[in-house]
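Trainee: Note that the protein sequences, when read in sequence, are chains A and B. Position 166, counted from 1, in the first sequence is what UniProt numbering calls 166; the numbers after and before it change by one each time, with no gaps. Position 311, counted from 1, in the second sequence is what UniProt numbering calls 311; the numbers after and before it change by one each time, with no gaps.
Take these hints with a grain of salt, some might be off.
Copies of one chain are not kept apart here, so a pair can be met inside one copy or by any two copies together.
[As the list claims (entries may be wrong)] List of simulated lysine-lysine pairs, DSSO-like, C-alpha gap at most 27 Å:
| hint | residue 1 | residue 2 |
| --- | --- | --- |
| 1 | 250 | 283 |
| 2 | 322 | 299 |
| 3 | 322 | 297 |
| 4 | 65 | 208 |
| 5 | 65 | 154 |
Just so you know, these hints were derived from the structure itself, not from any lab.
Protein chains: 2
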Amino acid sequence: MAEGTQSVTELNGGVSVEMEVNNGGAAELPASISSVIPGWFSEISPMWPGEAHSLKVEKILFQGKSDYQDVMVFQSSTYGKVLVLDGVIQLTERDECAYQEMITHLPLCSIPNPKKVLVIGGGDGGVLREVSRHASVEQIDLCEIDKMVVDVSKQFFPSVAVGFDDPRVTLHIGDGVAFLKAVPEGTYDAIIVDSSDPIGPAQELFEKPFFASVAKALRPGGVVCTQAESIWLHMHIIEDIVANCRHIFKGSVNYAWTTVPTYPSGVIGFMLCSTEGPPVNFKNPINPIDADDSHVKTKGPLRFYNSEIHSAAFCLPSFARKVIESKAN
Amino acid sequence: MAEGTQSVTELNGGVSVEMEVNNGGAAELPASISSVIPGWFSEISPMWPGEAHSLKVEKILFQGKSDYQDVMVFQSSTYGKVLVLDGVIQLTERDECAYQEMITHLPLCSIPNPKKVLVIGGGDGGVLREVSRHASVEQIDLCEIDKMVVDVSKQFFPSVAVGFDDPRVTLHIGDGVAFLKAVPEGTYDAIIVDSSDPIGPAQELFEKPFFASVAKALRPGGVVCTQAESIWLHMHIIEDIVANCRHIFKGSVNYAWTTVPTYPSGVIGFMLCSTEGPPVNFKNPINPIDADDSHVKTKGPLRFYNSEIHSAAFCLPSFARKVIESKAN
Numbered sequence: 001m002a003e004g005t006q007s008v009t010e011l012n013g014g015v016s017v018e019m020e021v022n023n024g025g026a027a028e029l030p031a032s033i034s035s036v037i038p039g040w041f042s043e044i045s046p047m048w049p050g051e052a053h054s055l056k057v058e059k060i061l062f063q064g065k066s067d068y069q070d071v072m073v074f075q076s077s078t079y080g081k082v083l084v085l086d087g088v089i090q091l092t093e094r095d096e097c098a099y100q101e102m103i104t105h106l107p108l109c110s111i112p113n114p115k116k117v118l119v120i121g122g123g124d125g126g127v128l129r130e131v132s133r134h135a136s137v138e139q140i141d142l143c144e145i146d147k148m149v150v151d152v153s154k155q156f157f158p159s160v161a162v163g164f165d166d167p168r169v170t171l172h173i174g175d176g177v178a179f180l181k182a183v184p185e186g187t188y189d190a191i192i193v194d195s196s197d198p199i200g201p202a203q204e205l206f207e208k209p210f211f212a213s214v215a216k217a218l219r220p221g222g223v224v225c226t227q228a229e230s231i232w233l234h235m236h237i238i239e240d241i242v243a244n245c246r247h248i249f250k251g252s253v254n255y256a257w258t259t260v261p262t263y264p265s266g267v268i269g270f271m272l273c274s275t276e277g278p279p280v281n282f283k284n285p286i287n288p289i290d291a292d293d294s295h296v297k298t299k300g301p302l303r304f305y306n307s308e309i310h311s312a313a314f315c316l317p318s319f320a321r322k323v324i325e326s327k328a329n
Numbered sequence: 001m002a003e004g005t006q007s008v009t010e011l012n013g014g015v016s017v018e019m020e021v022n023n024g025g026a027a028e029l030p031a032s033i034s035s036v037i038p039g040w041f042s043e044i045s046p047m048w049p050g051e052a053h054s055l056k057v058e059k060i061l062f063q064g065k066s067d068y069q070d071v072m073v074f075q076s077s078t079y080g081k082v083l084v085l086d087g088v089i090q091l092t093e094r095d096e097c098a099y100q101e102m103i104t105h106l107p108l109c110s111i112p113n114p115k116k117v118l119v120i121g122g123g124d125g126g127v128l129r130e131v132s133r134h135a136s137v138e139q140i141d142l143c144e145i146d147k148m149v150v151d152v153s154k155q156f157f158p159s160v161a162v163g164f165d166d167p168r169v170t171l172h173i174g175d176g177v178a179f180l181k182a183v184p185e186g187t188y189d190a191i192i193v194d195s196s197d198p199i200g201p202a203q204e205l206f207e208k209p210f211f212a213s214v215a216k217a218l219r220p221g222g223v224v225c226t227q228a229e230s231i232w233l234h235m236h237i238i239e240d241i242v243a244n245c246r247h248i249f250k251g252s253v254n255y256a257w258t259t260v261p262t263y264p265s266g267v268i269g270f271m272l273c274s275t276e277g278p279p280v281n282f283k284n285p286i287n288p289i290d291a292d293d294s295h296v297k298t299k300g301p302l303r304f305y306n307s308e309i310h311s312a313a314f315c316l317p318s319f320a321r322k323v324i325e326s327k328a329n
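Using the sequences and the hints, build the whole thing.
Mentor: Here it is in structure tokens:
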């Protein structure tokens, strides 16, 4: 496409846009861009008051409004393509590996022989890509509320959406809370909750009734891993999540974290819990993915995860350990 | 001080300013603020192209130009007071604990009974505060090139500059490279290089002749810890530092990292090396600070560091491990 031109094509209710970004064109840009640094996307939210991370925008590739949220894709100048939901960065091509690999392999490498896996959220397909590296897995269900996220990922992030190509995957478009209620008791070995922040459509995924449904859908000794915010920004939310999980999950309850540069404060955490049954020691991966490299041919090598960083993820700074250990074992 | 007023007082060549920040007043603000988000400080640098982290400014407290760099202090709305050198955030009251505690205790907890410690840079005093937690230490020398940093820290960051109050500390204002050359061979048990980025006055501190001087100033089996940039942003710089260190230090050469939200990409790394002599296993702290809490009464408890996170800091993401292990053992 020639510089300075603009194309707009319909895509599932959204609008696919290629637009050059420069200071003079600010009036045509979405509010999250034009209101802050001209030509830059800035992430401003009451979830992290007083700070903003900004990425330089080369081109806006897609802007849409689904039934649930605003969806945007842009080409950044140094982080590859970027997916934004309701003004919040969900993934960039440069650092998505850290989040997708950790949220998936922390639970799946902690149990022997996982066969049935459920992903709630994760409509971009990145978690599916990682789950499908595990040869033991026979069935992967994914329940995403927003079809636009799936469609946009398939169009703009093929190396992420590649997860949908696995024949073991069944995609369910719908509400994860309702989906879980209909699941027969004890169905899954592992459930991964790849949600956005607890403001907006993902709010229920941080509440006690949801965790109770998760526990019921897991086999004895089954495991869940949920996105669980930042130790630097959200200790009050984490404290509540840990207390809820401690109440619901009778196996072990643990908090882990990793680095993701484009998430607020540069870190993201995970709650890892197991149900009553065979004990799970999350800190010691007994099902190392490093050992089997048959997945590398089709999906490329792991870029972030390894067994050492798995164990290290459970080591917390003292300020966080103090709060979390007062709520969990 | 009344809202909307402004006071300016002389401080060692700089100017102490209290100024309300609002959109209308942008014309009076330094370039790093007014050029980006009105009322916000944005960190833009060729060291991290295409991204910027911004903090909301409540008041600019100090602006000065020393012989070496621009020095600024501002009150942020959610990160406490912030020290900025040449437009780059050096510390915020909210997250300085992570950097100061890790750069200090990673080396000092890895050797038995450290007695003589040299700090190069670190004019804010935060590393001194941490070194002085170690009861075995008898002598602490600090060589900072820029007196304005020391003076500004003492005025605006008393909980950081408290490190200067320890009677074991001797402050040398001068060039770290020249200081090291004059040190008798084998003087120190540990040297901590708390430098800014390798653009500006700290450039030489990342080069081979400097590392050779460090090695010479250390006793056999002595250790050095240097600030060593971000695995997400600066693998090419890190690769060079590791190769240089591998050439100079005949003991062990290791890379560790930690989370600091207000540093670019949210992480900062450290090179930890030992000279020929008694072997040092940096990954296994043999001199745990957790064991002795006599320092807590005067300096407050450790907020970030503990023995678990010490060991975890050496576990690297696969993409970084691959590069670093090809250069080091």
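Trainee: Give a verdict on every hint.
Mentor: Now for the hints, and whether the structure bears them out:
For a Cα distance limit of 27 Å, the shortest separation of residue 250 from residue 283 inside one copy, 17 Å, qualifies, whereas the shortest one across copies, 33 Å, does not. Taking identical chains as interchangeable, the C-alpha atoms of residue 322 and residue 299 lie at most 27 Å apart only when they sit on different chains, with a minimum of 18 Å there against 39 Å within one chain. Proximity of residue 322 and residue 297 under a CA criterion of 27 Å is satisfied inter-copy only: 18 Å between copies versus 43 Å inside one chain copy. For the homomeric pair residue 65 and residue 208, neither the shortest alpha-carbon distance inside one copy (30 Å) nor that between copies (55 Å) is at most 27 Å.
For a Cα distance limit of 27 Å, the shortest separation of residue 65 from residue 154 inside one copy, 17 Å, qualifies, whereas the shortest one across copies, 52 Å, does not.
In summary, the one numbered hint that this structure violates is 4.
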